Structures are given as C-alpha cells and as structure tokens.
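> Sequence:
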Amino acid sequence: MPGRNARRLPSTPVTYALIGACVVVWLLQLLTGDWIPRMFGFAAYWAAPEPYTALTTAFIHGGSMHIMFNMIGLYFFGTFLERYVGSGWFALLYLFSALGGSLAVFFLALADGSPQALVTVHIGASGALFGLVGFVATPTRRLDRNLTGVLGFVAINAVLIWLVPNISWQAHLGGFLTGFVFGCVYFFTPQRLRALGLLILTVVVAAVGFAALVLVPVTV
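The sequence shown lines up with residues 1 to 220 when you count with UniProt numbering.
A few of these clues could be false.
As the list claims (entries may be wrong) - Restraint-style ranges between C-beta atoms, simulated for each label pair:
1. 28 with 161: 35 to 43 Å
2. 52 with 32: 12 to 20 Å
3. 142 with 11: 16 to 24 Å
Calculated directly from the structure, the hints in this document are not laboratory data.
Computed from a predicted model, the values in this text were never measured in an experiment.
Where a beta carbon is used, it is the ideal one built from N, C-alpha and C, also for glycine.
Please build the complete structure, drawing on both the sequences and the hints.
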C-alpha cells in the first residue's frame, strides 16, 4: 500500500496505538470470556443507555482470525493513510468511520424490526477499517495506491463475514460509506476550506448519530 513517497513522510503513532489497544482488549477477552463483548459491544436495543458502545465496539473482536485480519488491514491501510493525511485527521477518520459503522447497524436493525436484529451484538474494528478502505476508494488520482490490494482485502473480508460469528456486514457498509464521504470532502474541498469542511461533517454526523442512538425508541 505505501506509495513512492512513503520514506519521506512522518511516522504513524496513531495506527500503532490503535493496533496496541485492540491487542490489549483481545488479551483481556481471553481472560474474561464474553464479558467485554457483552458490556462494550454494540446492539441497537441497548444504544440509548449505552451510546458509548458505538465506539468501544471497534476495539473488540470475535476470534483469532477476526483480529488477525483486521490488524493486518489496519497496519497496511493505517500506515499508508496516516502518513498521507497526518495523525490528527487519520484519528478523526478512524473514529468517524467506527461511528458510521455503528449507525448503519442501528438504522438497519430498526428497518429490519425483528427482535434478533435489534438485540444482536456487533463487534469488531471492521467498520472503522472499512472507513479507511472507503477513503482509499475516493475517485481521485492524488492517492498513490494499489487498488488491486484494496479489492483483494474487500474480498477476504467478504468471506470472513460468512465464516466468523458476529462480524457485521452492516458495520462494513456503514464504515465504507462514511470513509468515502470523508475522502470526498478531503479531496474535493478547496484546501483552505478542507479543515472546516471535515470538522463540520464530523460534528454533524456525530451529533445526529448520537441523538438518534439516544432518542429513537427501540422496542422488542
């Protein structure tokens, strides 16, 4: 994934911090069983009393294969994008995409309406990670990227969705779309207005999203 200019670009502390946090949580999961997923995973039914789970769920994984592929993807996409956009924007993109993934889970569960959809706990960094994929997929020539690698990663994750329990296609979709929108604002907004545009986008989505999670009634 890294482009021709990677050696001249800065280090990637946020990517390594995110990987470290996910690994630490995974080790705690091995010690505590399903307590962490039950307390910090995201489900539409419990969104109102526990809105923080829309973000904490991005640090929880459902199995060794799940975390392994997510951390490999986070390393390659994260180091590439963090060098390109900088650590601050990268951290915002990651959290923005995690929230977008959880919002997709929430609204699609409401649309489904079944008790199973409403109470199913969704876990994994895939929503946030697919936000990075969505950013890379922005239709621009300014990114020195390997689209074959992107398509291969998407294909692998499509297979994992069917093999590993509780991996959420809804979060994948929501994360991808939010990352894509973030990328469009980043690349197609005039540079002098880029920071303002990204901050407005993030604030609006976060405010509307958390208001929906807290205020929209969910009944089973």
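> Of all the hints given earlier, name the ones this structure violates by number, lowest first.
1
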